[in-house]
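Undergrad: The lines below spell out each chain.
There are 4 protein chains.
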Amino acid sequence: MNKLDLNCDMGESYGAWKMGDDLAVLPYVSSANIACGFHGGDPGTMRKTVAAALEHGVAVGAHPSLPDLLGFGRREIRLSPQEAYDCVVVQIGALAAVAASQGGKLHHVKAHGALYNMAARDTALADAICRAMRDVDPGLIVYGLAGSELVRAGQALGLRVAQEVFGDRSYEADGSLTPRSLPGAMIEDADASLRQVLSMVQRGRVTTRQGTEAEVQADTLCLHGDQPGAAQFAKKIRADLEAKGVTIATV
Amino acid sequence: MNKLDLNCDMGESYGAWKMGDDLAVLPYVSSANIACGFHGGDPGTMRKTVAAALEHGVAVGAHPSLPDLLGFGRREIRLSPQEAYDCVVVQIGALAAVAASQGGKLHHVKAHGALYNMAARDTALADAICRAMRDVDPGLIVYGLAGSELVRAGQALGLRVAQEVFGDRSYEADGSLTPRSLPGAMIEDADASLRQVLSMVQRGRVTTRQGTEAEVQADTLCLHGDQPGAAQFAKKIRADLEAKGVTIATV
Amino acid sequence: MNKLDLNCDMGESYGAWKMGDDLAVLPYVSSANIACGFHGGDPGTMRKTVAAALEHGVAVGAHPSLPDLLGFGRREIRLSPQEAYDCVVVQIGALAAVAASQGGKLHHVKAHGALYNMAARDTALADAICRAMRDVDPGLIVYGLAGSELVRAGQALGLRVAQEVFGDRSYEADGSLTPRSLPGAMIEDADASLRQVLSMVQRGRVTTRQGTEAEVQADTLCLHGDQPGAAQFAKKIRADLEAKGVTIATV
Amino acid sequence: MNKLDLNCDMGESYGAWKMGDDLAVLPYVSSANIACGFHGGDPGTMRKTVAAALEHGVAVGAHPSLPDLLGFGRREIRLSPQEAYDCVVVQIGALAAVAASQGGKLHHVKAHGALYNMAARDTALADAICRAMRDVDPGLIVYGLAGSELVRAGQALGLRVAQEVFGDRSYEADGSLTPRSLPGAMIEDADASLRQVLSMVQRGRVTTRQGTEAEVQADTLCLHGDQPGAAQFAKKIRADLEAKGVTIATV
Numbered sequence: 001m002n003k004l005d006l007n008c009d010m011g012e013s014y015g016a017w018k019m020g021d022d023l024a025v026l027p028y029v030s031s032a033n034i035a036c037g038f039h040g041g042d043p044g045t046m047r048k049t050v051a052a053a054l055e056h057g058v059a060v061g062a063h064p065s066l067p068d069l070l071g072f073g074r075r076e077i078r079l080s081p082q083e084a085y086d087c088v089v090v091q092i093g094a095l096a097a098v099a100a101s102q103g104g105k106l107h108h109v110k111a112h113g114a115l116y117n118m119a120a121r122d123t124a125l126a127d128a129i130c131r132a133m134r135d136v137d138p139g140l141i142v143y144g145l146a147g148s149e150l151v152r153a154g155q156a157l158g159l160r161v162a163q164e165v166f167g168d169r170s171y172e173a174d175g176s177l178t179p180r181s182l183p184g185a186m187i188e189d190a191d192a193s194l195r196q197v198l199s200m201v202q203r204g205r206v207t208t209r210q211g212t213e214a215e216v217q218a219d220t221l222c223l224h225g226d227q228p229g230a231a232q233f234a235k236k237i238r239a240d241l242e243a244k245g246v247t248i249a250t251v
Numbered sequence: 001m002n003k004l005d006l007n008c009d010m011g012e013s014y015g016a017w018k019m020g021d022d023l024a025v026l027p028y029v030s031s032a033n034i035a036c037g038f039h040g041g042d043p044g045t046m047r048k049t050v051a052a053a054l055e056h057g058v059a060v061g062a063h064p065s066l067p068d069l070l071g072f073g074r075r076e077i078r079l080s081p082q083e084a085y086d087c088v089v090v091q092i093g094a095l096a097a098v099a100a101s102q103g104g105k106l107h108h109v110k111a112h113g114a115l116y117n118m119a120a121r122d123t124a125l126a127d128a129i130c131r132a133m134r135d136v137d138p139g140l141i142v143y144g145l146a147g148s149e150l151v152r153a154g155q156a157l158g159l160r161v162a163q164e165v166f167g168d169r170s171y172e173a174d175g176s177l178t179p180r181s182l183p184g185a186m187i188e189d190a191d192a193s194l195r196q197v198l199s200m201v202q203r204g205r206v207t208t209r210q211g212t213e214a215e216v217q218a219d220t221l222c223l224h225g226d227q228p229g230a231a232q233f234a235k236k237i238r239a240d241l242e243a244k245g246v247t248i249a250t251v
Numbered sequence: 001m002n003k004l005d006l007n008c009d010m011g012e013s014y015g016a017w018k019m020g021d022d023l024a025v026l027p028y029v030s031s032a033n034i035a036c037g038f039h040g041g042d043p044g045t046m047r048k049t050v051a052a053a054l055e056h057g058v059a060v061g062a063h064p065s066l067p068d069l070l071g072f073g074r075r076e077i078r079l080s081p082q083e084a085y086d087c088v089v090v091q092i093g094a095l096a097a098v099a100a101s102q103g104g105k106l107h108h109v110k111a112h113g114a115l116y117n118m119a120a121r122d123t124a125l126a127d128a129i130c131r132a133m134r135d136v137d138p139g140l141i142v143y144g145l146a147g148s149e150l151v152r153a154g155q156a157l158g159l160r161v162a163q164e165v166f167g168d169r170s171y172e173a174d175g176s177l178t179p180r181s182l183p184g185a186m187i188e189d190a191d192a193s194l195r196q197v198l199s200m201v202q203r204g205r206v207t208t209r210q211g212t213e214a215e216v217q218a219d220t221l222c223l224h225g226d227q228p229g230a231a232q233f234a235k236k237i238r239a240d241l242e243a244k245g246v247t248i249a250t251v
Numbered sequence: 001m002n003k004l005d006l007n008c009d010m011g012e013s014y015g016a017w018k019m020g021d022d023l024a025v026l027p028y029v030s031s032a033n034i035a036c037g038f039h040g041g042d043p044g045t046m047r048k049t050v051a052a053a054l055e056h057g058v059a060v061g062a063h064p065s066l067p068d069l070l071g072f073g074r075r076e077i078r079l080s081p082q083e084a085y086d087c088v089v090v091q092i093g094a095l096a097a098v099a100a101s102q103g104g105k106l107h108h109v110k111a112h113g114a115l116y117n118m119a120a121r122d123t124a125l126a127d128a129i130c131r132a133m134r135d136v137d138p139g140l141i142v143y144g145l146a147g148s149e150l151v152r153a154g155q156a157l158g159l160r161v162a163q164e165v166f167g168d169r170s171y172e173a174d175g176s177l178t179p180r181s182l183p184g185a186m187i188e189d190a191d192a193s194l195r196q197v198l199s200m201v202q203r204g205r206v207t208t209r210q211g212t213e214a215e216v217q218a219d220t221l222c223l224h225g226d227q228p229g230a231a232q233f234a235k236k237i238r239a240d241l242e243a244k245g246v247t248i249a250t251v
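Residue numbers (full-length UniProt numbering), protein chains in the order written: chain P, 1 to 251; chain L, 1 to 251; chain Z, 1 to 251; chain B, 1 to 251.
Since the hints were derived computationally from the structure, they do not count as laboratory data.
Predicted model only: the values in this text are computed from it and were never measured.
Take the hints with a grain of salt, since some may be wrong.
Any copy, or any two copies together, can satisfy a pair, since identical chains are not distinguished.
Stated by the list, open to error - Restricting the straight-line Cα-Cα distance to at most 27 Å, the calculated cross-link-like pairs of lysine-lysine (DSS-like) are:
{"no.": "1", "residue 1": "3", "residue 2": "244"}
{"no.": "2", "residue 1": "18", "residue 2": "235"}
{"no.": "3", "residue 1": "18", "residue 2": "244"}
{"no.": "4", "residue 1": "48", "residue 2": "235"}
{"no.": "5", "residue 1": "105", "residue 2": "235"}
{"no.": "6", "residue 1": "236", "residue 2": "3"}
{"no.": "7", "residue 1": "18", "residue 2": "48"}
{"no.": "8", "residue 1": "48", "residue 2": "236"}
{"no.": "9", "residue 1": "244", "residue 2": "105"}
{"no.": "10", "residue 1": "235", "residue 2": "3"}
{"no.": "11", "residue 1": "18", "residue 2": "3"}
Construct all of the structure, not just a fragment, from the sequences and the given hints.
TA: What follows is the structure in structure tokens.
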């Protein structure tokens, strides 16, 4: 395989508060995960972000979150699978309507922050999120951490799944991400990062922190849009990947 | 015409707080206006209310509001038509997804509280709400105060429109509702209320507070679900109307 | 010791939504824990609840919560001690101002729901809550689960502490509450409940689910205000306790 | 009079979203109006902003708002004077507790955005805000638009009042601010702005858009902290005023 999707979280401003530089990043990504109001993304921001994504031919995805504006969806909330299901249904619906109102269509769903992390390891929560997607629109594609419970849940329900990998995080021998608390968790060297992504895309393998190799399926690469230099980084990694023969396109 | 829709606001509980007795009222109405989270109606309540409406064969409508949980959507907020448009799009979408997840479909949209009242008289706001409906799904039916700007805006955009009348409110010579602040605004006698509704349904006319007659088109009658005895009242008026030969069915 | 405080959560309505029957319960309790807006208790409800408590000569306490209106503060949110500290400071301040505006004064602080439960076992969180109290007003009294980390944290900081016990929950051999998931966790028999409370108040001991006795200091008894018959129950237990010679008074 | 307070709105970030550059502006102002959570200013931001203000010896004021995070408190909400009173009480209390927890004390209250504008012309609302202040702490100083209803309400209740003027807005013949919709409403020339402020401070008079002079009492000047170059502007106007013999100090 020599094809990769580049996805980025977007539309995370809220009312008077701005976050990220979506317009600068959009030319370099193929999929946008757009906040749906629960951690960011008020109705007007949703409209403007969907419009910009459609204009750039970038796939429009929903980026549902736990209900936590104050914590930006980054704090774990102990809720039931049913509560998670309900929250995901309405967020998908909200963004789908924004897309429909502009002649667009929802392409995928990527959970945000704590919901993403919890769903990566909690089978019941992962299943709830995927059932919400299937029940609203079985054509929606699950974006989930490569090898996670969310990926398994989507596959079990017969949904299309895109396995997500990271270029700026190291991997453990079992194919999981190195916890941020451990030394070496973050890959800051751009060349090392590029090598890791190429290895995952072209060989389906990653060299782990332990020095072993682990299998990782890389369908989509997570780019960060809210950091200084985000657009420059996106531009460079896209150019570097294309120079190595990787086609950048949505799933 | 001898046909009338009975609509009622529903799903206005929020989290641990309950409002109304939806299950008791549902057997007697033909359309449910279901809160979408901005003034009431958390995601779980939306799911349960849609399920109950579908079970009773009652038409599922969205009941979008100004963003004001604290004020239950009853306080006027001076927002732009664009802000109103955006708020309505996401609320329609949220409820449409809940309906879709249960194999149902959204039938109509009735604005809530202050948004309903503002849209009855503010042309630009009325137009914004109707454009939001059309852009998301041109098959949605506008429920609006009979003779109001919202009705005109829906008609101008080519949407189907249901004109809403009240049995417990008196009318002025120009066909508008008597402001609540005036004496005689509320009709408390059940027989007088029934007579008024029958006159509007069967003759398209209402006897006004001034003693004159005004033309009023009655497509749908507003029932209140959050008052003591709401279900009893709904049961009685439905039986009384049917006894007079009026067919109760959604628009 | 032959004295007991009866406390009850109050002011948990929010906007148009009502919860509990505070006015009916107030004559029978000696302390009110009043919601501060984070799980219930809008500003108007806070005012009305404080006014009613002052009128009945009931001690006014703050009832701070995790920020979770949708979950009524019952869902655990993984936040930092600093975040908890900040949330408690502003909630205490809000209620203190309401009390001050009516010539009253804040007497105690009892954490709500998930925050109460988390603070009972999490030392850092318990310490954060007590530091928030001390930093705002060192005269505030900590209401905490008897024998919990919150009680210890308050004592360590030199605050006055009221240990809270339950009449409708059974206790384990180590003095902790029986988890609700276990059979026998709830005591539904009114006589058994009264016996348990009397034993705790008069002997400082409780007969546990295992049949052993555990030491429990009973300064204040938790009554529930949001259940059917809450006022009747409060009236009866107060009368029964007084008949056995227990003085009901705030801490 | 040759003394002027420079005040600036601060602490208007919310959770992950940043607004303004408070630390850069603080060295040049004498009073900070700190958001209290209703339009911005989460509990952590409140703590950090109060700490920074205390460190710079800047007077700590509450900056209460209508409850409207989404609209940043800039949209008029039609609420009752009682609702406004309640909202102001809890916001003052929240910030007072944050100040107390750091050994500080609340100095003044300046309403935010739409609440400020509504209170400038609505006598009942102005009175409600000032009663809230008096009832919580009669030592609090009202910051209000010079010549407005809010100023009159504060004086009528016996509160200390600081009349606020603007250097970047022109004035009408009656002493009111030129509405922003009119040409010439904004003064963009720094020298003209300085001249206007000096005239108000030293002569109690302003040259109006009509070319006449109007009396305006200038106790405090409003600086904006959320615009590019805010700190540079604050630094310059303070230096310029001091060079002209004006003492910069809080009220």
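Undergrad: State for each hint whether it applies.
TA: Hint-by-hint comparison with the structure:
no.	hint	result
1	3 / 244	within (11 Å within a copy, 68 Å between copies)
2	18 / 235	both (22 Å within a copy, 26 Å between copies)
3	18 / 244	neither (35 Å within a copy, 39 Å between copies)
4	48 / 235	within (22 Å within a copy, 36 Å between copies)
5	105 / 235	within (26 Å within a copy, 42 Å between copies)
6	236 / 3	within (17 Å within a copy, 55 Å between copies)
7	18 / 48	both (13 Å within a copy, 20 Å between copies)
8	48 / 236	within (26 Å within a copy, 37 Å between copies)
9	244 / 105	neither (32 Å within a copy, 48 Å between copies)
10	235 / 3	within (17 Å within a copy, 54 Å between copies)
11	18 / 3	neither (33 Å within a copy, 37 Å between copies)
This entry does not satisfy hints 3, 9 and 11, going by the numbered hints stated previously.
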